[in-house]
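Fit chains H and P to the given chain L structure using the hints.
If you read the sequences in order, they're chains L, H and P. Every letter in the first sequence is one number past the one before it in our numbering, and letter 140, counting from 1, is 140. Just so we're on the same page, our numbering is the position in the second sequence counted from 1, plus 209. Just so we're on the same page, our numbering is the position in the third sequence counted from 1, plus 831.
Do not take every clue at face value.
[What the hints assert, rightly or not] Straight-line distance between alpha carbons at most 25 Å, and here's what the computed BS3-like set of lysine-lysine pairs gives:
1) Lys783/H with Lys131/L
2) Lys908/P with Lys744/H
3) Lys6/L with Lys809/H
Hints are computed from structural coordinates only; laboratory data are not their basis. As the structure is a prediction and not an experimental result, all values here were calculated from the model.
Now for the letters of each chain:
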Amino acid sequence: MQAEEKMTYEKWPAAPEKSTLEAKNKFLGFWLFLGGETTLFASLFATYLALKDKVPSADAALAKDLFDLPLTFVATMLLLTSSLTSVYAMYHMKNFAFKKMMVWLGLTVLLGLGFLGTEVYEFSHYVHTYKHTFTSSAFGSAFYTLVGFHGAHVAFGLCWILSLMIRNSKRGLSLYNAPKFYVASLYWHFIDVVWVFIFTVVYLMGMVG
Amino acid sequence: MSTIAQKKGFGGTIWDFLTTVDHKKIAILYLIAGGFFFVVGGLEAVFIRVQLAVPNNDFVSAGAFNQIITMHGTTMIFLAAMPLLFAFMNAVMPLQIGARDVAFPFVNALGFWLFFFGGIFLNLSWFLGGAPDAGWTSYASLAIHSKGHGVDFYVLGLQIAGLGTLIGGINFLVTIINMRAPGMTYMRMPLFTWSTFVASAMILFAFPPLTVGLTLMMFDRLFGANFFEVAMGGNTVIWEHLFWIFGHPEVYILILPAFGIFSEIFAIFSRKRLFGYSSMVFATVLIGFLGFMVWAHHMFTTGLGPVANAIFAVATMAIGVPTGIKIFNWLFTMWGGSVKFTTPMYYAFGFIPSFVCGGVTGIMVATAAADYQYHDTYFVVAHFHYVIVGGVVLAILAATHLWWPKMFGTMLNETLGKITFWFFFIGFHLTFFIQHFLGLWGMPRRVFTYLPGQGFDFSNLISSVGAAFMSIGVLVLLYNIIMTSVKNVKVGNDPWGDGRTLEWSIPSPPPFYNFKQLPLVRGLDAFWLEKMAGKKGMTPAEPLGDIHMPNASFIPFMISLGLFIAAFGAMYHKNHAWGLPVIILGLLVTFGSMFLRSVKDDHGFHIHKEDLVEDNEKGAKA
Amino acid sequence: MKRLAKWRLLPLFAILALVLSGCRGENFVSALRPAGEVADMQFGLMKLSTYVMIGVILVVMIIFVIIFFRFRRRDDKDETIPKQVEGSHTLEIIWTAIPILLLLILAVPTVSATFRLADVSPMDKKNSDALVINVRSHLYWWDFEYPDQKLVTSQELVVPTNERVYFNLKSLDVKHSFWIPAAGGKLDTNTDNINKFWLEFDDKRSNEAGNLFYGKCAELCGPSHALMDFKVKAISRDKFDAWVTAMQDIKEPQKAQSDLAVQGQDIFNKSCIGCHAVTPENKMPETARMAPNLTNFGDRARIAGILDHNKEKLKQWISNPETYKPGNEMTGKYGELSDQELDAVAEYLMGLKVQE
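Same shape as in the complex, but just chain L:
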């Protein structure tokens, strides 16, 4: 099948994300890339666990002083829901329903923005209320690096999905851009999974002590 071909609902294949060789390559290559990303985050998690609560003086804030469950819970819900909406978007992509896909992707972006907003608020809260900064302690460096790396991934994912949406807004789905949408949503799920781990390892375990 040719990537440039003009598509109709009838011709649209069951797995549009991997119906050309290029798409198959992209699909597999991206999965492998996520494998590498997993080790990247694993290293960051290990570093965080090693440096958790390692502060220079007794009056510095520790994990159990910092974290606030309601706020983190809201952030988690926003991001989990955005994962769900991106699933819907891909469902419509597979059915060649371009408009619906765009709507769900738009929702995903909004939810992602909401998540980033809470994260920015959270960080500024730590900095101003607890003087817990990137440079204040090894704990601070490790915390902001791990959570910040994730946040940067979210921001990159948002830019990516947005630029895909804008670029393809006028021309609909094709076998050339379907894998691009698919891979972007794969990335988004990955970010979500990482957050589940951050929520557990950093926040829940942090609050327990």
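Chains H and P alone, transformed into the frame defined by chain L:
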């Protein structure tokens, strides 16, 4: 559109290489850049040996010596050995699996340019206030303590180069999984392809920890973080773990392709199929797997405790088993064969005793309790040079001779090749054998000098003489390359006469689309099987048709250039106001180029059937 | 070509012969001349692994040589195609099983030795009479504290023979590694934590080595990493006790004897005493001990761990330490001294002896 016969001027050729996405041209770029850095790293090695030739020498100062050893190690591993292996992977692996290109030609080019700019960045340190001086391992306490910008060059340069390696690895993996010709099952893949596959998988999982380690150190040195500041709660042992979780697999990332190269050579020049092919594949995969389980044997003296040391000691010894399997399989490949001693075979033959020595000292350093004596002495220096030079470098030299005709269409001179071998081989043993004893006699590694009266003097002199021999060998090789290129005597598809795998079934150098028709693979050593069946070439697996090819692109160069610029900004932003704008500018170039790539559709082009037929006729006349 | 190939093995054999004939290095610094329990254990492991490995090398080399002579293609025009052998299960099982056995032979003593070398339980016991020494490494010098004896010395470690000596290791700037090759393997001095291990010095072999072993830093630590040597004086328990008493007797800085030395002491008290202590007690916290303790400087075997111990060298060292140990922390901490002043300080320092 046929680009084959197109004539280009010098500028055109340069532009062609700057924008190429053809794996064969990228291979040549890797070969040139890697070869250049190999010579640079070799010069550094010569300086080291001159300084250590006699006690209390002052050829270079203590500070300069530390910069030289750091750059020697870093250059040889990241900028010479890896790219040179990447050159052969790029040149040969797609041909061996019967593919027209790699899975991501664009990413392939990007990988090269990232490596190239990272390497240039790292080496610019020599001219911008001093090179990194904390050793290639750059242990955190010393690296943080190191003044000037040397370590910043290390951290930023490796970050960029490492990114290139990582995406290169992903590219090879996808290529091997998705792009094999009809009939090329996994268990019919040549060993070099298999080792490329396993090494790429290791790159995928080994480089991210390095990236993290480098990032943490960058944050500490340039952005005020405290990962390794003990007073602020930091811990320097984290760096050791991250570095070696990368660093040990890295050794196998280097040696596995070397094993692959030798496996090809033994089979070709013994005229015999590889003995125990399936156990060779199994051993390769097993080594790749175990390679991730043993990193802490580099840290036996860090004080991890007897439990950790014992576990890692035993795990390390276990790697000896699959490696031993390989050695015996190679020996029995030759056994009963008709062994022709060509230059590549010289290297392969010389590799066996050299690598066995490196392997057994590897088992010796794995015995944790005794390693307390070996660790950080010249014994370890000798051991890893036996593995890396006796394994990887010999393989690279062998591959250079073996695949030179395939890459450039002309053969390196055999006599000069053998002269190179003898100088290099004798020099190598002269340099490094005695270093085992220096270490045991009490000489620590990374010392810029030693005091007389400790029994080190004469042996160090011998070692330095050996280095001179190796240098002569490399000079002869360079002369050989120049002479061969000047003469440029063209050769046919299978210049060694005994080629077994698919790359020998197509012209040297291959046309830019590699295979006019994808070949049908009937078994291991596909081309050999056809030859034995009395055929001249491969049976095509598809009718002659249009071939889809990717477009050349300048964007990979720009993406890499952007990071190169941003790295300068990051390095100087603390003391110079222009630092931050330069970071932003560089990142804008990078992300802008990525954005451009993303929004600009690139469907590639097609070579039409008629042009292919035309090429065919031209080929027939020539 | 055939003759050439035979020559190839000759240098290897020549070197091997040289080695076997007893080329074992100097007995005060070589790991191949063990002078104590730990080094003996490690030397034993080295020998065991070497024997096993030489066995492996021999097997490989025999097959290797046979191949070279039997299976060479003698005629380039030879077109015969050898039999294409797929493999051999029997052979493959053999060369998998035998290495596993060999490795087991090696692994058991390795694990056992690793645990024995890590056994520092007497350190933690209350009222134990085990000798404990706190080693603190600094950029290019070593500080040795004897906590139970309440004294501090530097650069020259003094230990009793024929008993286990326990060490607490830590670094106060960058990572170093504490190594006395003849007495046993090294252990890193980390900046993050204290590492513990033990060594033992055999009396007889210490005497043979002149009671003075070389110690080294084995972890790259900066420009003068190569010059971060220290010395170990291994003496009998009686002599050690006498040394401890003599050191403990020095409560006040020793009085200089000659006029020149008195002048030197004055200069020392003005320029040097801020960093260098000349009394051995460990009242100051370890981080405040900025430079080597010089209480028994006159008794030591080397200046700054590396230079011959005489007045001339000492003057040169004080006048320009940067030449001798690049990157050290002493350079620039005191004003320029005239020749006469140097002479006086050197005279004073050389006289700082606690024992005859």
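Structure-based check of each hint:
For the given pair, lysine 783/H sits about 22 Å from lysine 131/L by alpha-carbon distance, which is consistent with the 25 Å threshold. For the proposed pair lysine 908/P and lysine 744/H, the alpha carbon gap of about 20 Å is at most 25 Å, so the pair holds. For the hint linking lysine 6/L to lysine 809/H, the alpha-carbon distance of about 18 Å falls within 25 Å, and the restraint holds.
Of the numbered hints given earlier, the model fails none.
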